[in-house]
Amino acid sequence: MSIQTGAAWVDFASSRLARYKLFNGINWGRLAVISVPTLWLGIFFFVPFLVVFKISLSESAIAIPPYTSLLDWDLEEAYINIKLNLGNYLYLFEDTFYLDAYLSSVKIATISTFFTLLIGFPIAYLIARSKPSTRTLLLSLVILPFWTSFLLRVYAWMGLLKKNGIVNEFLLNIGIIEQPLTMLQTDFAVYVGIVYTYLPFMILPLYTALEKMDMTLLEAAEDLGARPSISFFLITVPMAIPGIIAGCLLVFIPAVGEFVIPALLGGSDTLMIGRVLWDEFFLNRDWPMASTVAIVMLVVLVLPIMLIRNSQGKEERV
Amino acid sequence: MQRQSLFLKMTATLGFIFLYAPLIALIVYSFNKSKLVTVWGGWSLKWYGELFRNEQIIDAALLSLKIAFISASLAVVLGTIAGLVLSRFGRFRGKLILSGWITAPLVMPEVITGLSLLLLFVAMEGAFGWPAGRGIGTIIIAHTTFCMAYVAVVVQSRLSQLDDTLEEAAMDLGAKPASLFFLVTLPLIKPALISGWLLSFTLSLDDLVIASFVSGPGNTTLPMLIFSKVRLGVSPEVNALATIMIAVVALGVVAAILQMRRQTRLTMVANQT
Chain Z
1 MSIQTGAAWV DFASSRLARY KLFNGINWGR LAVISVPTLW LGIFFFVPFL VVFKISLSES
61 AIAIPPYTSL LDWDLEEAYI NIKLNLGNYL YLFEDTFYLD AYLSSVKIAT ISTFFTLLIG
121 FPIAYLIARS KPSTRTLLLS LVILPFWTSF LLRVYAWMGL LKKNGIVNEF LLNIGIIEQP
181 LTMLQTDFAV YVGIVYTYLP FMILPLYTAL EKMDMTLLEA AEDLGARPSI SFFLITVPMA
241 IPGIIAGCLL VFIPAVGEFV IPALLGGSDT LMIGRVLWDE FFLNRDWPMA STVAIVMLVV
301 LVLPIMLIRN SQGKEERV
Chain F
1 MQRQSLFLKM TATLGFIFLY APLIALIVYS FNKSKLVTVW GGWSLKWYGE LFRNEQIIDA
61 ALLSLKIAFI SASLAVVLGT IAGLVLSRFG RFRGKLILSG WITAPLVMPE VITGLSLLLL
121 FVAMEGAFGW PAGRGIGTII IAHTTFCMAY VAVVVQSRLS QLDDTLEEAA MDLGAKPASL
181 FFLVTLPLIK PALISGWLLS FTLSLDDLVI ASFVSGPGNT TLPMLIFSKV RLGVSPEVNA
241 LATIMIAVVA LGVVAAILQM RRQTRLTMVA NQT
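The listed protein sequences derive, respectively, from chains Z and F.
Letter 68 of the first sequence, counting from 1, is numbered 68 in UniProt numbering, and no numbers are missing.
Letter 237 of the second sequence, counting from 1, is numbered 237 in UniProt numbering, and no numbers are missing.
Cut-off 27 Å, straight-line C-alpha distance, at most; resulting in silico cross-link-like pairs (DSS-like, lysine-lysine):
no. : chain 1 : residue 1 : chain 2 : residue 2
1   : F       : Lys190    : Z       : Lys212
2   : F       : Lys229    : Z       : Lys163
3   : F       : Lys9      : Z       : Lys131
4   : F       : Lys33     : Z       : Lys163
5   : F       : Lys9      : Z       : Lys212
6   : Z       : Lys163    : F       : Lys46
7   : F       : Lys35     : Z       : Lys163
Derived coverage of chain F by chain Z (criterion: at least 3 residues anywhere in the stretch with Cβ under 8 Å from a Cβ of chain Z; other residues may be distant):
no. : stretch
8   : 16-30
9   : 70-84
10  : 90-98
11  : 120-126
12  : 192-206
13  : 240-247
Just so you know, these hints were derived from the structure itself, not from any lab.
Ideal Cβ placement from N, Cα and C applies to all residues, glycine included.
Throw the hints in and build the complete structure from the sequences for me.
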């Protein structure tokens, strides 16, 4: 009822607008509809990066906000002084700490993505090959952990991996180890955490790709005498490539910038760039340096991946 | 063939165990009497009692629910408009920019999104005096921005699956754009709006990093509180909280499956008659 009256009102308003000859030629309603999301994203998504870039060129200062202004002017003396500080960028390359953090983030994200694929593939394959009724159930079982809090799932691993945690107790009891292993606050825990929390992001695109696969191809291969392992690598894997790429990107990109997992599961020596940015901002309160770290991360890590993803999307559409 | 499928079943089962073991451990230990997570002190509902007496947690949970509700609703409105514009408006100037901006928040690392929004808010406050300080309002803006991207993608994919003959028929019968949208398109994409809203709601409820950047003093959301508690040491009432959240989600998923089953059965019956 209210939708109908709302629609009637909009119709009325647009018919009133249409009466003004001035607006002929331009579809104002259409323009208004387009500009709402565009303006919102422009202001709250695009402009922020310009601000970050601007602040990365300023100097840290003890002030509120804690950075220097780039412009310095005096109208009476008629001068404008623009001061760009490239020191932050130079410092980023001078101090190997940041470079190490970028490289180590890429390493951790790459290895985790590989293991996510390794664990996710059999699950996706099994779901795609099961009966439609079991398929819904198994898919929901994959999605269920994804809907529960990310933070709490990471927290659950703290209880499992602790020195006197459940995994150690179990391994001690069945006699595989004699001393409890140090797992929490190591890189190993970070890998487990990333693989665990991002597994659904790998399984779902893999499932979509495998489900679309034409099963008669496998039958044909079998008839021609191919062993299952051969037809798996020569038919199934190539057919799943779009899903593999999509899944790997969905895991790799957030893993590179991860903060929560290394902060809770990693040790003090686990270097990840998301955590470095966080500490630079909240602990050192160096806003310009945090901005510089963000800009370099954006240009070096995120932008290339987005471009690859875009070009692939276009190919798929063609 | 038989051997391969046994191997497949075993590895997939191990995968499912990997997915569920931590959740089950959380649930079991939420009923543990002992304060030490690993020492089993017998069954007890003690930590649930502690949880409901902890006003800090209740306040944070209410704040998070409020933010999630408002952000999800705003995100559905903005995301639906964006999805509609991208899939039904044909070519227009700036389409490439909008479609780029819509998918970008999905792949942007959270630390960058959070930092950049905070710096924007600070710069805006310096320039126009708005927003004065940070709090619920800035968190809602931030959450709406990244959630609308998810809604737009969901709506766009639903619209691309949808046959546009119904919309064309309505237009041929003389429907104006607005009534076409409210009376034809909107009911058709309702499932996408519901799943987009639910997705946005959980994403907002779950967000720690962005909220930490853009919240002001005194506005602690539930993830921020959990994070600080967990970092300081083990707090068993978090187990109880996690169990309640898992239970709510599980009920929701079960309800969704039952609903889907009923719908497929109904369509099957309808097709037969």
